[in-house]
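**Q** This note's numbering applies: residue 31 is where the sequence shown begins, and numbers increase by one.
Read the hints as simulated data drawn from the structure, not as lab findings. All clues given are correct.
SDA-like, lysine to any residue: derived pairs with alpha carbons at most 25 Å apart:
no., residue 1, residue 2
1, LYS90, ALA80
2, LYS90, VAL78
3, LYS51, ILE61
4, LYS51, GLU63
5, LYS51, ARG62
6, LYS90, ARG77
7, LYS49, ASP59
8, LYS49, ARG62
9, LYS49, ALA64
10, LYS93, ALA80
11, LYS49, GLU63
12, LYS90, PRO75
13, LYS93, GLY79
14, LYS93, THR81
15, LYS93, LEU83
16, LYS51, PHE66
17, LYS51, ALA64
18, LYS93, LEU82
19, LYS49, ILE60
20, LYS90, PHE76
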Amino acid sequence: MANNNFDINTNEAFEGSDKVKGQLVSEIDIIREAMFMVNMFIGEPFRVGATLLQEIEANKNTKKH
Numbered sequence: 031m032a033n034n035n036f037d038i039n040t041n042e043a044f045e046g047s048d049k050v051k052g053q054l055v056s057e058i059d060i061i062r063e064a065m066f067m068v069n070m071f072i073g074e075p076f077r078v079g080a081t082l083l084q085e086i087e088a089n090k091n092t093k094k095h
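Produce the entire structure from the sequences given, and follow the hints as far as they go.
**A** Here it is, written out as C-alpha cells:
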C-alpha cells in the first residue's frame, strides 16, 4: 500500500501563488500599520517622559551645586 499523501509533482507550477502572495502582502501591511499605531500611543509618550525626566534630573543637579 503506497502512501500518496506527499506526492508532489515538481514540474507543475503552484497555481495559487499570486493569491498567496497577495494575502501575505496584505498581512504584512496590517502588521506594519498595527506596529505604527502601537508606537504612536506607547512609544512616543515614553520618549517624551524620558526626555522630561532627564531635564528634571539636570535641573536637580544644577540646583545642588
